[in-house]
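Protein sequence lines correspond, in order, to chains X and W.
Residue numbering for the first sequence is -12 to 326, as defined by this note's numbering.
Residue numbering for the second sequence is 1178 to 1719, as defined by this note's numbering.
Quick caveat, the hints were computed from the structure, so don't treat them as lab data.
Where a beta carbon is used, it is the ideal one built from N, C-alpha and C, also for glycine.
Hints should not be assumed to be uniformly reliable.
Stated by the list, open to error - Under the rule of at most 25 Å between Cα atoms (straight-line distance), these lysine-lysine pairs were calculated in the PhoX-like manner: (1) K1389(W) x K89(X); (2) K82(X) x K1356(W); (3) K1691(W) x K1452(W); (4) K179(X) x K1387(W); (5) K223(X) x K242(X); (6) K39(X) x K1300(W); (7) K39(X) x K1356(W); (8) K1559(W) x K1452(W); (9) K1356(W) x K89(X); (10) K1559(W) x K1544(W); (11) K82(X) x K1691(W).
Unchecked claim - Partial list, computed: chain W residues near chain X (C-beta under 7 Å): (12) N1225; (13) A1232; (14) P1310; (15) D1362; (16) T1382; (17) G1383; (18) Q1384; (19) P1410; (20) S1414; (21) A1421; (22) S1588; (23) N1591; (24) R1592.
Residue strings, one per chain:
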Amino acid sequence: MLNYLIKRILWMIPMLIGISLISFFIMHLAPGDITSNESAFNPKASEESRQKLRELYNLDKPIIVQYGLWLKRIVQLDFGSSFASHQRPVLWETKDENGNIKPGLIQKALPITLLINLLTILLIFSISILLGTIAAIKKNKIPDRIITLFVFIGFAIPGFWLALILMYSLGVVNQVLPISGLHSVGYEQMSKLGQIFDLLKHLALPVFISCLSGLAGISLYVRNGMIEILNQDFIKTARAKGLYEKKVIFVHTLKNALLPLITILGLSIPGLIGGSVIAESIFAIPGMGKLFYDAVLMRDFPVVMGILTIGSILTLIGNLIADLAYAWADPRIRRGLVK
Amino acid sequence: MHKFLALIFLSLVVGCNNSQNLDNTNYDDPIPPESGGVLTNAMIGEPNNLIAMIAGDSASSAIAGQIFNALLKYDQNLGFEGDLADSWTISDDYKKITFNLKQDIKWADDKPFTCEDVLFTWKKVTDPDTRTPYGSDYQLVSSASCANNHIFIAEYDEPYAPALETWASLHILPEHLLKNENINDTYFSLNPTGTNFYALDEWTTGQQVKLKTNPNSVHGRPLLEKKITRIIPDLSSQFMELIAGNIDLMNINPIQYSRVFPSRSELNDKINLYKEMGNGYTYFGFNLKKKPFDDLNIRKAISYAINKEEIINGVLLGLGEEITSPYKPGTYWENKSINKISFDVSKSRELLEKSGYQLNANNIYEKDGKPLAFEILTNQNKQREMTAVLIQRRLQDIGIDVSIRVIEWASFVNRFIKTGEFEAVVLGWSLSLDPDQYSIWHSSQDGPGQFNFIGYNNPRVDTLLENGRKELKNEKRKQIYDEFSKIIYDEQPIIYLYAGYGLTAIHKKIKGVKKITPPAGVFHNDYEWYIPKKFRRNEMSL
Chain X
-12 MLNYLIKRIL
-2 WMIPMLIGIS
8 LISFFIMHLA
18 PGDITSNESA
28 FNPKASEESR
38 QKLRELYNLD
48 KPIIVQYGLW
58 LKRIVQLDFG
68 SSFASHQRPV
78 LWETKDENGN
88 IKPGLIQKAL
98 PITLLINLLT
108 ILLIFSISIL
118 LGTIAAIKKN
128 KIPDRIITLF
138 VFIGFAIPGF
148 WLALILMYSL
158 GVVNQVLPIS
168 GLHSVGYEQM
178 SKLGQIFDLL
188 KHLALPVFIS
198 CLSGLAGISL
208 YVRNGMIEIL
218 NQDFIKTARA
228 KGLYEKKVIF
238 VHTLKNALLP
248 LITILGLSIP
258 GLIGGSVIAE
268 SIFAIPGMGK
278 LFYDAVLMRD
288 FPVVMGILTI
298 GSILTLIGNL
308 IADLAYAWAD
318 PRIRRGLVK
Chain W
1178 MHKFLALIFL
1188 SLVVGCNNSQ
1198 NLDNTNYDDP
1208 IPPESGGVLT
1218 NAMIGEPNNL
1228 IAMIAGDSAS
1238 SAIAGQIFNA
1248 LLKYDQNLGF
1258 EGDLADSWTI
1268 SDDYKKITFN
1278 LKQDIKWADD
1288 KPFTCEDVLF
1298 TWKKVTDPDT
1308 RTPYGSDYQL
1318 VSSASCANNH
1328 IFIAEYDEPY
1338 APALETWASL
1348 HILPEHLLKN
1358 ENINDTYFSL
1368 NPTGTNFYAL
1378 DEWTTGQQVK
1388 LKTNPNSVHG
1398 RPLLEKKITR
1408 IIPDLSSQFM
1418 ELIAGNIDLM
1428 NINPIQYSRV
1438 FPSRSELNDK
1448 INLYKEMGNG
1458 YTYFGFNLKK
1468 KPFDDLNIRK
1478 AISYAINKEE
1488 IINGVLLGLG
1498 EEITSPYKPG
1508 TYWENKSINK
1518 ISFDVSKSRE
1528 LLEKSGYQLN
1538 ANNIYEKDGK
1548 PLAFEILTNQ
1558 NKQREMTAVL
1568 IQRRLQDIGI
1578 DVSIRVIEWA
1588 SFVNRFIKTG
1598 EFEAVVLGWS
1608 LSLDPDQYSI
1618 WHSSQDGPGQ
1628 FNFIGYNNPR
1638 VDTLLENGRK
1648 ELKNEKRKQI
1658 YDEFSKIIYD
1668 EQPIIYLYAG
1678 YGLTAIHKKI
1688 KGVKKITPPA
1698 GVFHNDYEWY
1708 IPKKFRRNEM
1718 SL
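The following block holds chain W by itself, in its conformation from the complex (with noise of 0.2 Å):
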């Protein structure tokens, strides 16, 4: 509640202080690249622990990703390229990996970089008394090895097509130095070697984490000599220190982005506001187990009678799409040629009725002498919430009875997700880059703690995923997957109500930033991002 109040109020304020002119730079001169300077970023969050396998925070594999690589990347068309690997080839069978390490790589200690660091960080990851939540995936290598120094090979029972997503997102980690360390606790955890850009400078605990570059980085120097995060939890007080120019970057949120930022004509003399594609997307899920939800035509009914446009402009002033497949919009994966269930009272009405559904004397549904009521549970998230009270209004509107419960998130999953123990909820799913989406819809993963947690079980579904997982040809896969969004969009197990934009706001004076924002977002080539001397802080002393 404070969060939203101290928002509206800063909207108030910032709005009334149209004369305060901070800064008269003019930030706009183009200026040739420079290298040195200092980034400042927040984060809201301290990262737990620099090696991204164990950690599973965001703040964690933010700073991680900067000082370590993985064998695959994501270019900036999210396809894959070479990150400490040269280049990699797939057998006819798809059962076996061979990837060509990049040669004469070094440690930022100094130490060769070779295959048996990625055996060793496979082995890691395998291995069951390593406390990581996500060794399943590796664990589909039958065998790994070595055939020198500089190729590794992965070997599979089954083709798995989510393969290479996976070596993309596996941070390598140095043998020379873990080997004889207890990875789940070991010190390394906090001061890390790794092969990238960046490398730990300093770490002030609760307050800020510094960056420096490693001379021994495998794409060779980047322009900013020093990037410090500063933690800061709260999203007011990291706003105030971006317009101050105390830091450089953050996110920020749509109020800002469309209220703030056009009220206030000096903030954008400074600060660019990039908007791209966010990395998830918002919906509402029946328990399928239940009754009345067990009825596709109810649950037509209830997508016809929620206006999601309503719900975009409402919760995010206008800042999202709407989806009709769990992709992102705009890429490969998205199955275009879906119709979308847009807003219509009447046939909505219409498929409640044929249900065996009446109007009763209070204007609710009901058959049999029931009413057509429940409950939409969500987590303590604002938008979620937001989300849940327009909902509310327009099935009220039809003549569904909902109610709204708002419970914090280990009592959510707890008690009410593992257990089965909900009707509806608001809630999210990641738009992923790989299509895979079997542990969110493939009937054997409906048991507690699993993800197809409101109980999805279609025959087709599980097949069309199971090939899909097998399938390495992108034209096939993609026939797979549209198949599968387009039976998912007809049946309707989920609404999808929103998919919302990331937005950043950046200072002038960070130089490089990409005016049209790629597909991997604005941050894909932060390496180039550069400070014009004349515009660093008085740093020196750093």
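If we strip away everything but chain X, and leave its shape as in the complex, we get (with noise of 0.2 Å):
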């Protein structure tokens, strides 16, 4: 098992390194750099200055020389500074000989959008697997066909259209939940309750609409999970043998059925750290999807790389995770694996 485990995590250094170098070399394939895109235009703005840019932030060394100055420099864990003119951390905040904090992107957008995922990931699940089995239970029913229906009008609608709507109907029109951002203004005088309520009032839409689209996914998969272990001989015994259709659902077919659930909740660790858009966009949510999108746009090498390090990082740890939880819940893989 240990061996197992040491296997697994050596792999992961080579890996992490073809990862970092494919995404390094896409990034630099696209045309331009940092100091082509925050002056290009700007007649006050010359040539030569762009120039000696480029040379400040060794954009003009062959590629594979800044991969190696860049690999470096993240071996010790320095995920360097943004390009942009704020020359912000991209990792973690930093302190200056005076004690002034600059503080870093991930470390500010992470948290936020971390904890909207979470929220989202959580409701996800246990909405799901209510309704996937609802749905099983009443195969074919019209219980089964009006869920089946609502998730993939979840699913179909286009969020931000549905989040304007809601924007407009209950933030404008009848002013019961915030517009946009995350706070209200005069939040640092709000109690710490206050402040807790404050955040999830200004959350309650951007948590609603990401939801609906994964709704669709996982019941489905749960309610067609329930159905294929309900024709299963063993349920046919158990219930043969007089037990409680209520312990034939909950205890043995849906423990079953959860199980594939295990390997998407390790798929969407990655997920966690990823968000939308367009919707940090229209509410306003300074979170990591904005991140990543506006440094792609601006060619920030550094803070794209840092993002998607992190992000495959968090990948290939989903992964393992996501096999060991497999083996710790189903008895069979485990003893193939001690073999």
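Combine the two chains into a complex, taking the hints into account.
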């Protein structure tokens, strides 16, 4: 077991190098760099000054040298500073000699995105399991049909469109929810509880919108898994020996139907740090999606690479956790693994 | 795409909700000025760096401009007046400018402002280690010095006419706070100290920037106590915040201005709209180094075939103007005697035939078996895309086969503009306040990454541009740039399409906004704006 774990973790190193190499090259294949975006059409800015910037950022060096420089820093866990003129650190805050703190870009954006995504996943899974179970029990009957219809409407509806309708009706016409942003004016003066309530009010719409599209996949997964297991012999046996239907459904069927969800849950770990650009723009939430998108448009390589690296590490860890959790939950796999 | 749909949808919803009156306060009563109050507005992007010479983005200069002063500034009619300087004199040979600085001025941290701060700022902006794109204007200063604490002298080897403008755009930085700092990544850029009306109160990353009045402000105390700028990237969301009363002002688009507002009287009860000439123009540019665009007849034929009025009506809903010179209509430098080339299909055909083109079987003009066909390139900008489509249609009508390609900005600049691999572009330039257009039109400026990328080359224009930079007498300068504007219009290396209006919506609770917007813009007197107590939000705790 321990050997297996060590082997898997060691395998991550060449994988990470491969991923970073490919992303680094793809990023640099795109035409342009930060200097051509910041002042490309400003007649007051001369080409010489842009060339000077390029040299300062090592952008005039061959790409393989640039990759080497980047790798050298990254193995020391130094994600560098953004190329943008604020020069903020990519990952974590830095302190200068006077004790002034420059906040890190990912450090500021990640907690917000994580919070939204955790709430979203929690909601998606709990609602989906409920809906999927009901749909499976009432297979092909009216509740099943209604649930399927509902989750597919949620899946198909354009999120930004629904977001705008809800913002208008709940924020402008009946001012019950805030329209955009994370905090109300005067947030600093609220009590701790008031602050949490204020934050939740601001997150209600974004979380609802991102939930909606996720329900379809998971609830159908649960429904189909349940139906497959309900048709198996051991369920017949359970029923034949006179078990209560509740016990048949919730203990024997649901437990088995949830096994594949572990994989899905593991695979959604990297998704936790990614945000939706559209939702973040509409709701004015300074999260990871907008950070990444803007960095790509600006060709802010250190930020793009920082986010991609953290994303790939989380993906690999997510896969590992999913596999381990699967083994832990399913004795069949555990035995195969030990052998 | 989603923004476009959102707008359509929004106009639908907004149009259908006439019964909703959100607010019954009457804002029109005259109320005398009261100081205090918080103004809330919104921006689509977060400022990068409040040292403007390094930042380069518009969000940064908007905030930094309220914290810092330059030596000079524009008055409401776009002439110069003193900012940190009291007065200035220009020597007879135009090579020396002497600034008499205001005395007894203090930085927000109570340290005195002196000439050394100006000298320090000049040294920084010309320092090769400073990551600024703006150094070249100030490198023309051959020597800068302080005669005493209050007299700053800038000397030039050659007369440089745009010099005063450059001293109106350089924010003076405090030497005592920055002399031991690396200006490129100093913390000062996130927490600056200035001399202007406001000082930074609090900056919540990604969310808002809050300013408070600076007690040492060089121009006295403004009426508004605080200014909050919220960062809301989506314009539809900003608009909803505006009509819900959560922000007090924003820039709006032509659809909101001429469709949404006229159909909703309750919005007009609480929001005023302001229209002023914007700061830029959109043009159709030819790559003059490529055939057939080196042929004046072809360029003119295309100019006659484009219906500029139709573009202004279609793209800007009429909220723009045709221009004939690269200066703001109505300002001093505009050449008002130029006759417009207006939409005329027969003239266009005549010119094409004069150049040897004939209509072929597909109704496309061709010469020597080669059809007249080209590609219009533009970047992802809704207005420019729509403009290109209208041009395409008009040229199709006349027999010119045009395709359109829309490209992401960085690729657009690097793959096409820098390499000269384009035929025609729809792009924009700013309408500058100083008439100097050297970097855009001088034939020496056509290298990769420079701004004469269309390859314009006219020795007479070169001479005019060189002389215009050296001439400081306005009347003589005006003659030079009138001739320059005339030649450019006659030769049509670019076709001026439109200069759009800047549209601003301001809540009526903000008083003191000038009814008639001065040339310098609606924000020009924002230090006189105020919010009467009874209209203020519940903001005791701020």
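Now the hints, each set against the structure:
1. For the hint linking K1389(W) to K89(X), the alpha-carbon distance of about 21 Å falls within 25 Å, and the restraint holds.
2. Between K82(X) and K1356(W), the direct Cα distance comes to roughly 19 Å. Compliance with the 25 Å bound is thereby established for this hinted pair.
3. Proposed proximity of K1691(W) and K1452(W) is supported: the alpha carbons are some 12 Å apart, at most 25 Å.
4. Under the criterion of a C-alpha separation no larger than 25 Å, the hint pairing K179(X) with K1387(W) is consistent with the structure, at around 22 Å.
5. Between K223(X) and K242(X) the CA atoms are separated by roughly 16 Å; this keeps the pair inside 25 Å, and the hint holds.
6. Restraint check for K39(X) and K1300(W): satisfied, since their Cα atoms lie roughly 17 Å apart, inside the 25 Å limit.
7. For the suggested pair K39(X) and K1356(W), the alpha carbons sit about 22 Å apart, so the restraint of at most 25 Å is met.
8. Between K1559(W) and K1452(W) the CA atoms are separated by roughly 21 Å; this keeps the pair inside 25 Å, and the hint holds.
9. For the hint pairing K1356(W) with K89(X), the CA-to-CA distance comes to about 19 Å; that is within 25 Å, so the pair holds.
10. Restraint check for K1559(W) and K1544(W): the C-alpha separation of about 34 Å exceeds 25 Å, so the hint is violated.
11. Between the alpha carbons of K82(X) and K1691(W) the distance comes to roughly 45 Å, so the proposed pair goes past 25 Å and is violated.
12. Annotation: N1225(W) was flagged as interfacial toward chain X, and the flag holds, the nearest CB pair being 4 Å apart, inside 7 Å.
13. A cut of 7 Å between beta carbons decides the hint on A1232(W): the least distance to chain X is about 5 Å, and the hint holds.
14. The interface hint given for P1310(W) holds, since its Cβ lies 3 Å from the closest Cβ of chain X, which is under the 7 Å cut-off.
15. With its C-beta approaching chain X no nearer than about 4 Å, D1362(W) sits inside the 7 Å limit, and its interface hint holds.
16. Hint status for T1382(W) relative to chain X: holds, with the closest Cβ pair at about 5 Å, below 7 Å.
17. Interface restraint check for G1383(W): the shortest CB-CB distance to chain X comes to about 2 Å, inside 7 Å, so the restraint holds.
18. At its closest, the beta carbon of Q1384(W) sits 6 Å from a beta carbon of chain X; the interface hint therefore holds under the 7 Å criterion.
19. Because the smallest distance between the Cβ of P1410(W) and any Cβ of chain X comes to about 4 Å, under 7 Å, the interface hint for this residue holds.
20. Annotation: interface hint on S1414(W) holds; nearest CB of chain X at approximately 5 Å, less than 7 Å.
21. Against a cut-off of 7 Å between C-beta atoms, the interface hint on A1421(W) holds, since the closest Cβ of chain X lies about 5 Å away.
22. Annotation: S1588(W) was flagged as interfacial toward chain X, and the flag holds, the nearest CB pair being 5 Å apart, inside 7 Å.
23. For N1591(W), the interface hint holds, the least distance from its beta-carbon to any beta-carbon of chain X being 4 Å, beneath 7 Å.
24. Checking R1592(W) against chain X by beta carbon gives a least distance of about 5 Å; that is within 7 Å, so the hint holds.
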